[in-house]
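Student: With the hints as extra help, turn the sequences into a complete structure.
Spelled out from the first residue to the last, the chains are:
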Amino acid sequence: DQQVKQNSPSLSVQEGRISILNCDYTNSMFDYFLWYKKYPAEGPTFLISISSIKDKNEDGRFTVFLNKSAKHLSLHIVPSQPGDSAVYFCAASGQGGSEKLVFGKGTKLTVNP
Amino acid sequence: DSGVTQTPKHLITATGQRVTLRCSPRSGDLSVYWYQQSLDQGLQFLIQYYNGEERAKGNILERFSAQQFPDLHSELNLSSLELGDSALYFCASSEVGSWTQYFGPGTRLLVL
Numbered sequence: 001d002q003q004v005k006q007n008s009p010s011l012s013v014q015e016g017r018i019s020i021l022n023c024d025y026t027n028s029m030f031d032y033f034l035w036y037k038k039y040p041a042e043g044p045t046f047l048i049s050i051s052s053i054k055d056k057n058e059d060g061r062f063t064v065f066l067n068k069s070a071k072h073l074s075l076h077i078v079p080s081q082p083g084d085s086a087v088y089f090c091a092a093s094g095q096g097g098s099e100k101l102v103f104g105k106g107t108k109l110t111v112n113p
Numbered sequence: 001d002s003g004v005t006q007t008p009k010h011l012i013t014a015t016g017q018r019v020t021l022r023c024s025p026r027s028g029d030l031s032v033y034w035y036q037q038s039l040d041q042g043l044q045f046l047i048q049y050y051n052g053e054e055r056a057k058g059n060i061l062e063r064f065s066a067q068q069f070p071d072l073h074s075e076l077n078l079s080s081l082e083l084g085d086s087a088l089y090f091c092a093s094s095e096v097g098s099w100t101q102y103f104g105p106g107t108r109l110l111v112l
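Protein chains in written order, with my numbering: chain A, 1 to 113; chain B, 1 to 112.
Some clues are possibly wrong.
[Stated by the list, open to error] Cut-off 20 Å, straight-line C-alpha distance, at most; resulting in silico cross-link-like pairs (EDC-like, lysine to aspartate or glutamate):
(1) K54(A) x E99(A)
(2) K5(A) x E99(A)
(3) K71(A) x D31(A)
(4) K105(A) x D40(B)
(5) K9(B) x E42(A)
(6) K38(A) x D1(B)
(7) K57(B) x E99(A)
(8) K5(A) x D40(B)
(9) K57(B) x D1(A)
(10) K108(A) x D40(B)
(11) K38(A) x D84(A)
(12) K108(A) x D24(A)
(13) K38(A) x D40(B)
(14) K54(A) x D24(A)
Honestly, the hints are just simulated from the structure, not real lab data. This structure is a prediction, so every number in the text was calculated from the model and none was measured.
Tutor: In structure tokens:
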């Protein structure tokens, strides 16, 4: 039973354009959502997070939107750069007070020059 | 660099053997988490320690065990290894009161 889903295994965008990565979750008890970026042969790197009491959080080129009624969040990267090419993981936490992260299976983003 | 270190980076061993993976959390972080990333399952939570005590357990096999020492480093012990245990094992740490976890570079385990 996959509680966090990233339905697009891959996404390709042009440099300078917007990248939108999507994530859906099934459990309304999650309190906190995070996005991680992962390069091959490295550990996940924390990018940005959002609490369930907010609907938007912005950090530089990265913005995360949360739609609780739809149980959906998205990560916007504007403008996209070739160095953003990586696998992006959505994760959720806080279910029943648990600090463990529940991950989606990732979306591979390719930003073409 | 997240500040979380893991050793070894790579490990090749045979079925039936036992290995120990080591993790040092970021300075000041009391919580340590272990995750397994396999090709078909994605990143799966195994176990969490907080200041030396087990706090939460996930999909961790009985053949696997972990501990956190007084200096806060943690070890994940994998025994009676099977081919299916081949995966990337990540350690993460977080500070008190924070939901954000910072990950180490991982240990790639190959069981032949």
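Student: Are any of the numbered hints broken by this structure? If so, which, sorted upward?
Tutor: Those not satisfied: there are none.
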